Amino acid sequence: MNPVRELVTTRHNEMVDPLLNVWGVEIAIYLFLGGMVAGMMIILGYFLFRGRHKELRCSCALLPGLSIVLLSSGMLALFLDLEHKWYFWNMYITFKPASPMSWGAWILLLVYPALLAAALLRLPGSLKDPFPSIKSIVDRLQENPRFVRIIGTLNMILGAMLGIYTGVLLSSLGARPLWNSSLLGPLFLVSGLSTAAAFVHLIAKDPYERVLLAKADNGFLVTELFFIILFITGLLSSTEVHVESARLLLNGTFAPVFLVFVVCLGIVIPLFIQSLAVSHRIRHVPAAPIMVIAGGFVLRLVIVYAGQASHWVRISLLK
Amino acid sequence: MARYGMVIDTKKCVGCMDCVVACKTENQVPEGFARDWIVYDTTGVYPTLVTEIRSERCNHCDNPPCVYCCPCGASHVHERGGVVLVHHEKCVGCKACMAACPYDARFVHPEGYVDKCTFCIHRVEKGMDPACVSVCPTHCMYFGDLEDANSRVRRLLDERRSHALLESAGTRPQIWYLV
Numbered sequence: 001m002n003p004v005r006e007l008v009t010t011r012h013n014e015m016v017d018p019l020l021n022v023w024g025v026e027i028a029i030y031l032f033l034g035g036m037v038a039g040m041m042i043i044l045g046y047f048l049f050r051g052r053h054k055e056l057r058c059s060c061a062l063l064p065g066l067s068i069v070l071l072s073s074g075m076l077a078l079f080l081d082l083e084h085k086w087y088f089w090n091m092y093i094t095f096k097p098a099s100p101m102s103w104g105a106w107i108l109l110l111v112y113p114a115l116l117a118a119a120l121l122r123l124p125g126s127l128k129d130p131f132p133s134i135k136s137i138v139d140r141l142q143e144n145p146r147f148v149r150i151i152g153t154l155n156m157i158l159g160a161m162l163g164i165y166t167g168v169l170l171s172s173l174g175a176r177p178l179w180n181s182s183l184l185g186p187l188f189l190v191s192g193l194s195t196a197a198a199f200v201h202l203i204a205k206d207p208y209e210r211v212l213l214a215k216a217d218n219g220f221l222v223t224e225l226f227f228i229i230l231f232i233t234g235l236l237s238s239t240e241v242h243v244e245s246a247r248l249l250l251n252g253t254f255a256p257v258f259l260v261f262v263v264c265l266g267i268v269i270p271l272f273i274q275s276l277a278v279s280h281r282i283r284h285v286p287a288a289p290i291m292v293i294a295g296g297f298v299l300r301l302v303i304v305y306a307g308q309a310s311h312w313v314r315i316s317l318l319k
Numbered sequence: 001m002a003r004y005g006m007v008i009d010t011k012k013c014v015g016c017m018d019c020v021v022a023c024k025t026e027n028q029v030p031e032g033f034a035r036d037w038i039v040y041d042t043t044g045v046y047p048t049l050v051t052e053i054r055s056e057r058c059n060h061c062d063n064p065p066c067v068y069c070c071p072c073g074a075s076h077v078h079e080r081g082g083v084v085l086v087h088h089e090k091c092v093g094c095k096a097c098m099a100a101c102p103y104d105a106r107f108v109h110p111e112g113y114v115d116k117c118t119f120c121i122h123r124v125e126k127g128m129d130p131a132c133v134s135v136c137p138t139h140c141m142y143f144g145d146l147e148d149a150n151s152r153v154r155r156l157l158d159e160r161r162s163h164a165l166l167e168s169a170g171t172r173p174q175i176w177y178l179v
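Chain order of the listed sequences is A and B. When the letters of the first sequence are read in order and numbered with this note's numbering, they come out as residues 1 to 319. When the letters of the second sequence are read in order and numbered with this note's numbering, they come out as residues 1 to 179.
Next up, chain A with everything else stripped away, as it sits in the complex (with noise of 0.2 Å):
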């Protein structure tokens, strides 16, 4: 006979039983749009680094416009999130040092400067010709090869932090044994990595770059799958709770979502066509970045989700 082991509980406390549902759909938006503009981030610095803002057709005059969009638009799911929201400035008035989302709040205030210092390197001359101040400010910048290489690495460097503080995020609450890998943090990075190449690739004029993204795009995929074994297997040798949580990806609740969407879809399916794509046995098509970016939004959805669902005793109550 197994041992029996019941909980019943009196409480029914609203987003935190039966399953703590704190953080939903914006969050997953919000963790893919930053670490997707972390990415966009580094391979623009990767790019201004290299001296390519001259070129006519580069995705460097797109980029620094295109990721503060995408940023804002991934602020406003984490502001819709919050439940205070008109407290939200609190964030800004103090620094915890021991708290990632204080890092966070300060890291996305330090990286609208850099990118709009990348975007300056290209702006259109309808927008600086009527301020000759600002058309001084621009000329000089571009003049400088030193600045143009300083705000490449800046943007490099706060790409880097971005990508890594949305795995970092999850990965410090230790409550949810899920989330608690210290892989997160690069697991997040490399995929934003993938899914900012997959996009640059789709809106990039120049064959050189498309090619030359598809190439870097199959190196951070075969990097991501390589984190994700190194993230489960860290989680199958662990306790029992981790080896739980993990048996959720595997299969338990979120099995099919994540073999199916994130793993098959979002990075087999894609490297095999992208493969063959920089290979020259087939055309480059747009279905493979498509692919690699819904599957990074996905990976952070199921991740998400998973993460709330694990726990250091319901686990049990999810097999």
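The set of hints was computed from the structure by calculation and includes no laboratory data. Treat the numbers as computed from the prediction; the structure is a model and nothing was measured. A virtual CB, placed ideally from N, CA and C, is assigned to each residue, including glycine. Heads up, a few of these hints could be off.
Quick list of simulated restraints, FRET-style, between CB atoms [claimed, not checked]: (1) G15(B) - A287(A): 40 to 50 Å; (2) G15(B) - L259(A): 35 to 45 Å; (3) P30(B) - K135(A): 57 to 67 Å; (4) V260(A) - E159(B): 55 to 65 Å; (5) P30(B) - P124(A): 45 to 55 Å.
Pairs of lysine-lysine, DSSO-like flavour, derived with a Cα cap of 27 Å [what the hints assert, rightly or not]: (6) K90(B) - K96(A); (7) K24(B) - K12(B); (8) K128(A) - K215(A); (9) K85(A) - K90(B); (10) K24(B) - K11(B); (11) K126(B) - K90(B); (12) K12(B) - K85(A); (13) K90(B) - K24(B); (14) K85(A) - K205(A).
Chain A stretches covered by chain B per the calculated footprint, using a threshold of three residues with CB under 8 Å from any CB of chain B [unchecked claim]: (15) 2 to 10; (16) 19 to 33; (17) 81 to 93.
Given the coordinates of chain A, assemble chain B onto it according to the supplied hints.
Okay, now just chain B, sitting in the frame of chain A:
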């Protein structure tokens, strides 16, 4: 330095929920929410089963993850007795503290801020027991300074076998259950 804690005798608790009602009344907890609750925990091999009845709430941990993760300092440790509290006017409702709590002891108040047990600090500062302790008909709940060797809670812990909840989570909870 005082360290407030609670000791609950599971041999006396009958799960009457007077503590729950007293808390809701004292703290005007909105309908549909609870700062404390009753858990019936049954373990063993049939037919030799044992049920432990517990009155649960925020454990006012000594190593509180909810305080560390709070981005705006709303969740904090009170200067008196190490009680974990929430500044309602500082809380942005990001819910990170709710995700960080292994006991799921917090909830979002309908007004938007995160709410939880305060150990009735407003009563304790006036020398009274928390509302839940003061109404318990079986006197199974004890509140006091765990650092004081002569306090009732300390003596009970020294004399009886006890356990806390999810000690393996490493949060050093300050509510102890006598078994």
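Against the structure, the hints:
At roughly 59 Å, the beta-carbon separation of G15(B) and A287(A) lies outside the given 40 to 50 Å, and the hint is violated. Taken as a hint, the range 35 to 45 Å holds for the pair G15(B) and L259(A), whose Cβ atoms sit roughly 43 Å apart. For the hinted restraint 57 to 67 Å between P30(B) and K135(A), the CB-CB distance of approximately 58 Å keeps it satisfied. About 57 Å separates the C-beta atoms of V260(A) and E159(B), a value consistent with the hinted range of 55 to 65 Å.
Taking the beta carbon of each, P30(B) and P124(A) are about 54 Å apart, inside 45 to 55 Å as hinted. Distance hint between K90(B) and K96(A) is fulfilled; the C-alpha atoms sit about 13 Å from each other, no more than 27 Å. This hinted pair checks out: K24(B) and K12(B) have alpha carbons roughly 22 Å apart, not beyond 27 Å. Between K128(A) and K215(A) the alpha-carbon distance is near 36 Å, which puts this suggested pair outside the 27 Å criterion.
Only pairs whose Cα atoms come within 27 Å are accepted, and K85(A) paired with K90(B) is accepted, the gap being roughly 11 Å. Only pairs whose Cα atoms come within 27 Å are accepted, and K24(B) paired with K11(B) is accepted, the gap being roughly 24 Å. Of the pairs offered as hints, the one joining K126(B) and K90(B) holds, with about 25 Å between alpha carbons and a cut-off of 27 Å not exceeded. The straight-line distance between the Cα atoms of K12(B) and K85(A) is roughly 44 Å, outside the 27 Å bound, and the hint therefore fails.
Note on K90(B) and K24(B): the hinted pairing holds, with a Cα-Cα distance of about 23 Å set against a maximum of 27 Å. For the hint pairing K85(A) with K205(A), the CA-to-CA distance comes to about 40 Å; that exceeds 27 Å, so the pair is violated. Only when three residues or more bring their CB closer than 8 Å to a CB of chain B does the claim for the region 2 to 10 of chain A stand; here the count is 9, and the claim holds. Requiring three or more residues with a Cβ within less than 8 Å of a Cβ of chain B, the coverage given for the region 19 to 33 of chain A holds, as 3 such residues are present.
For the region 81 to 93 of chain A, the stated coverage by chain B is satisfied: 10 residues place a CB nearer than 8 Å to a CB of that chain, which reaches the threshold of 3.
Checked against the numbered hints given earlier, this structure breaks hints 1, 8, 12 and 14; the rest are met.
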